[in-house]
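Novice: Chains A and B, in that order, give the protein sequences.
If you read the first sequence in my numbering, its first letter stands for residue 1139, the second for the next number, and so on.
If you read the second sequence in my numbering, its first letter stands for residue 818, the second for the next number, and so on.
Honestly, I wouldn't trust all of these hints.
As the list claims (entries may be wrong) - Partial pick of chain B residues on the chain A-facing surface, computed with a CB cut under 8 Å:
hint, residue
1, Ile849
2, Leu853
3, Thr857
4, Lys858
5, Ile860
6, Thr861
7, Glu865
8, Arg868
9, Leu920
To be verified - A few chain A residues that face chain B, going by a derived Cβ cut-off under 7 Å, partial list only:
hint, residue
10, Asp1150
11, Arg1154
12, Thr1219
13, Leu1223
Calculated from the structure, these hints are not laboratory results.
Keep in mind the model is a prediction, meaning the values are calculated, not measured.
All C-beta atoms, glycine included, are put in the ideal place defined by N, C-alpha and C.
As a plain string of letters, each chain reads:
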Amino acid sequence: MGPFLLVTIQVDLYDRLALNLESDLIQMVNKVESKGVLIDISAVNIVDSFMGRILGNIASMSRILDANTVVVGMQPAVAITLVELGLPLRGVRTALNVEKGMELLRSMISPEEAGAGENIQDDTVIV
Amino acid sequence: MILSLSKDEMEIVREQDVVPFRNRVREAAVRIKMGLVNQTKLITAASELARNMLNYAKGGRVRIEVVSRGRDNGIRLTFADKGPGIVNIELAMKDGYTTGKSLGLGLPGAKRLVNEFNIQSEAGKGTTVTIIKWSNG
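Only chain B is shown next, with the shape it has when bound in the complex (with noise of 0.2 Å):
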């Protein structure tokens, strides 16, 4: 089972959010004591899912919690927007696919960084993905 701790959110809008949003999610990395490659993963991570939301749909909230499961800590992300919503996610979540101007490493990216990875979409209604780094993952 996987209890929450802390949480905090805050909505990115503007492409200046995402600094201050990877800032936040260093922070809580830190207060666990999560290595430095790990944090790094998953800040990288956080950035892709936050400028997915921003070119995609405009923005959205996230949630930023500390986690744990027995003894593993970890950080956990949701990210949702209400934006147009996904409608091939098995398409999506292919290297190097894109609808935009990207590379299209961004979701399939985001995914191979972090340990948990889970994404829910449904077209017209917007997305919702969450992803937990844990802290010796």
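Excised from the complex, chain A in its bound form (with noise of 0.2 Å):
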């Protein structure tokens, strides 16, 4: 019970490969009951508001399943821009790097659920 999901994601995503990102991930935070779900965009160029929309969805969403989510990785210029633009991410939790991350999801569990997370999932995204 209880492992995170680590989400790699590692191109460009045109938006019907982002939305059934969202869609694959929701379902698998529900089949594994996950408690946590981590995000490494570190690779990504471009967050414009559509990607904006699908991270604070996916947020959302696993909120409502109990799970929280961590984006990690975001580079300087992408936050930059994602401000000018008007979408500041309000509801996403970030982190610096995976490794940050991963200490801030398990800080976010209960003590005996966080023996039950050393258990973790990677789902890179390679298409």
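Reassemble the complex: the two chains are provided individually, in unrelated frames, and hints are given to aid placement.
Specialist: Here it is as structure tokens:
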């Protein structure tokens, strides 16, 4: 019970692909009863309003399924652009890198669940 | 006066066209040594406008130009579609206004990310959006 899901996005996603990621991920959260989702976007050069909305959706959907979402590795230029675009990603927790993101996820769940959280599932998206 | 130094055109008719289009814009921006932050802003704006064309006009054509004005170099993108047009441009430029199911950030957000933004639209005829990002702008 309670593994974390680690998703690494390694390509620029077009919209359909991003929507698939959203639904696959949420179904996986439910299937493995995940307590946390870590999304690594360090290889993503562009987050536009669509991709930003997907990240926000994943966070709110997994929240309803009792899982926390942390987005890690955002490039500084992407952060600058998102704020100017008008999409400050409120409601999405972020951390600088995967390690700090994992720490944050662990700190968000209760101690007895944390013990079960060692089983990390890596679902790298390669298209 | 703005001079056009090179010109490239492509059609955007499917979602999958957006990623290669963004790559072409990036190549042009790299060629004129645009900094990473400005590149990211330009490509994000381009992505918003390309998506608008797909969602509201079933696609259109984009022209990618390297332009110069005095000592400044920049990238000019012209998005032209033959869609339904925008009846009320003033409203369409407002944050949060949408006729679709998006966040309504596309047009106003794209405008904030570039240096020059021009939109012309005629109901029933189509919409043309032109943006310029200067290399050091």
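Novice: Let me know if the C-beta of Thr1219 of chain A comes in closer than 7 Å to any C-beta of chain B, holds or violated.
Specialist: holds (5 Å)
Novice: Just to be careful: measuring from the Cβ of Thr861 of chain B to every Cβ in chain A, is the smallest value less than 8 Å?
Specialist: Since chain A brings a Cβ to about 5 Å from Thr861 of chain B, closer than 8 Å, the hint holds.
Novice: For the restraint on Asp1150 of chain A, tell me whether the closest CB of chain B is nearer than 7 Å.
Specialist: holds (5 Å)
Novice: When the nearest CB of chain A is found for Arg868 of chain B, is that gap smaller than 8 Å?
Specialist: holds (6 Å)
Novice: Next item in the hint list is Ile849 of chain B. Is there a CB on chain A closer than 8 Å to its CB?
Specialist: Because about 17 Å separates Ile849 of chain B from the closest Cβ in chain A, which is outside the 8 Å limit, the hint is violated.
Novice: Using 7 Å as the Cβ threshold, decide whether Arg1154 of chain A counts as touching chain B.
Specialist: holds (6 Å)
Novice: Checking hints one by one. Is Leu1223 of chain A an interface residue toward chain B, by the C-beta closer than 7 Å rule?
Specialist: Nearest chain B Cβ about 4 Å off; hint holds.
Novice: For the restraint on Leu920 of chain B, tell me whether the closest CB of chain A is nearer than 8 Å.
Specialist: Leu920 of chain B check passes; min Cβ-Cβ to chain A is 5 Å, inside 8 Å.
Novice: Was the hint right that Leu853 of chain B lines chain A, CB cutoff 8 Å?
Specialist: holds (5 Å)
Novice: Against chain A, is Glu865 of chain B within 8 Å by beta-carbon distance?
Specialist: Nearest chain A Cβ about 6 Å off; hint holds.
Novice: Please check whether Thr857 of chain B passes as an interface residue: C-beta within 8 Å of a C-beta belonging to chain A.
Specialist: holds (4 Å)
Novice: Verify the interface restraint on Lys858 of chain B: the C-beta must sit less than 8 Å from at least one C-beta of chain A.
Specialist: holds (5 Å)
In the structure shown, a violation is registered for the earlier hint numbered 1 alone.
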